[in-house]
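*Asks:* Here are the chains, one letter per residue:
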Amino acid sequence: MTESRGRREFMQLLGLGGVVFASGLAGSCTNILRKGGAQEDDFFFVQLSDSHWGFKGPPNPEAANTLRQAVAAVNALPATPDFVVFTGDLTHTTDDEAERRKRMREFKAIVADLKVPLQYYMPGEHDASLDQGKAYQENFGATHYSFDHKGIHFAVLDNVSDPAAALGDDQIDWLLADLKPLRPEAPIVVFTHRPLFDLAPAWDWATKDGSKAIDLLQHWKNVTVFYGHIHQEHHFKTGEIAHHAATSLVFPLPAPMSKPKRAPVPWDPAHPRRGLGFREISVDESRLVLKLKQDSLENLAAVQTGAYETGF
Amino acid sequence: MRWMFALLLAAAVSKENVIQVTAERFKFTPAVIQLKVGEPVVLELTSLDRKHGFQVPDLKIDETIEPGKVTRVRIVPDKAATYDFHCSVFCGSGHEEMAGQIVVSP
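Those protein sequence lines, which keep their order, are chains L and Z.
Going by my numbering, the first sequence opens with residue 1, and the numbers climb by one from there.
Going by my numbering, the second sequence opens with residue 313, and the numbers climb by one from there.
Simulated from the structure, these hints should not be mistaken for laboratory data.
Since the structure is predicted, the reported quantities are computational estimates derived from the model, not experimental observations.
Ideal Cβ positions, reconstructed from N, Cα and C, are used throughout, including at glycine.
Worth double-checking, as some hints may not be accurate.
Below 30 Å or equal to it, Euclidean Cα-Cα: the simulated DSBU-like pairs (lysine-lysine) are [stated by the list, open to error]:
id : chain 1 : residue 1 : chain 2 : residue 2
1  : L       : K115      : Z       : K391
2  : L       : K102      : Z       : K363
3  : Z       : K339      : L       : K134
4  : Z       : K363      : L       : K134
5  : Z       : K339      : Z       : K391
6  : L       : K261      : L       : K237
7  : L       : K134      : Z       : K348
8  : L       : K212      : Z       : K363
9  : Z       : K372      : L       : K259
10 : L       : K212      : Z       : K372
11 : Z       : K339      : L       : K208
12 : Z       : K339      : L       : K259
13 : L       : K208      : L       : K237
14 : L       : K102      : Z       : K391
15 : L       : K56       : Z       : K372
16 : Z       : K381      : L       : K259
17 : L       : K208      : Z       : K363
18 : L       : K261      : Z       : K339
19 : L       : K261      : Z       : K363
20 : L       : K259      : Z       : K363
21 : Z       : K339      : L       : K56
22 : L       : K259      : Z       : K391
23 : Z       : K348      : L       : K259
24 : L       : K134      : Z       : K381
25 : L       : K150      : L       : K212
26 : Z       : K391      : L       : K208
27 : Z       : K339      : Z       : K363
28 : L       : K237      : L       : K212
29 : L       : K237      : Z       : K381
30 : Z       : K348      : L       : K108
31 : Z       : K391      : L       : K56
Ranges of calculated distance between the beta carbons of each label pair, as one might list FRET restraints [to be verified]:
id : chain 1 : residue 1 : chain 2 : residue 2 : range
32 : L       : P61       : Z       : V415      : 43 to 49 Å
33 : Z       : L360      : L       : A64       : 47 to 53 Å
34 : L       : K150      : Z       : T394      : 26 to 32 Å
35 : L       : E62       : Z       : P342      : 44 to 50 Å
Next up, chain L with everything else stripped away, as it sits in the complex:
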């Protein structure tokens, strides 16, 4: 079912730590990427993930700062993205229902400073699993939905409101009904929190019935999935579907199964924001080529002075 590709096969390191990952929505169109000169029909959006607002602990003693720094960094981009999407774990979990809602209100107050008017949200297990998404829905609305933007169909899937990490048959049925009107070659982007494929089940990095969603998505030719949860970049393919994991805004986690435990990478006071960042995804006029650029919060000073290189 799966086809792995090494990151180095695709990646080109740019200045200031920015990394570009060029990927066709169909997985094989990188040869038609343009190296520069944005056209009017091009657009880009930003993926942020796993801010875990409310987290306190040694893995990031400065956790109260990084979400604001990310907002400032997005606002400082040379161009304004069409939209931003947060792929879950907006807040860190708490048993206290009042505290959970307080963290969500605080999160909303911080991201209200984003200069990007169009914003999309989805829950992670830290936001939704203890109350099946109740507080999340009160604050952010539906946990799964879809929208169209400039010729691309976007579907947001919820694999966290069920604490057992399942989408559930109802949502699978909804996805089928949502995609059914689309032509086979329609460009489709899926946002989800957990990986849909079995990245590392022993670390809970999987979706119990994710294979059902993947089997369904395989009927369309141009599908890309962006997700969070694992606090690091990761690129993988299941058939023709590309899956791209995002870095977090709180602390990095080790590469899948590379350590005995999935404990956070120890905080380095010399590099307090190492491994933290967000992603720009640019879309060319064909709507079939995505270009991914990783922005590190470690380069925040460069962002603030404007010495920042974009990948498109």
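With the hints as your guide, set chain Z onto chain L.
*Replies:* Here is chain Z on its own, set in the frame of chain L:
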């Protein structure tokens, strides 16, 4: 004949070792379950607080543990190996550390 078979089956089952495993936020007790190759065992999983999960990906085991109920998992170790298990039902801050190992020795 059927009655005889049932008795034999019951006798066979009764000879199997039973290991009690409790789950609570955010640990399993015992966290390391020692087994021996060729000796079948039944794990009796119970929760001391809330719903948890017991997943052993390499053995294709994925069970939920409901409070007030006993979840039984039969394992027949066929080789010496170590298998990781973890809670597969998100249970709060610390869920990520709720894990253990099944160690099968020769």
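*Asks:* Sort out which numbered hints this structure fails and list those numbers smallest first.
*Replies:* 1, 7, 14, 15, 16, 29, 30, 31, 32, 33, 34, 35
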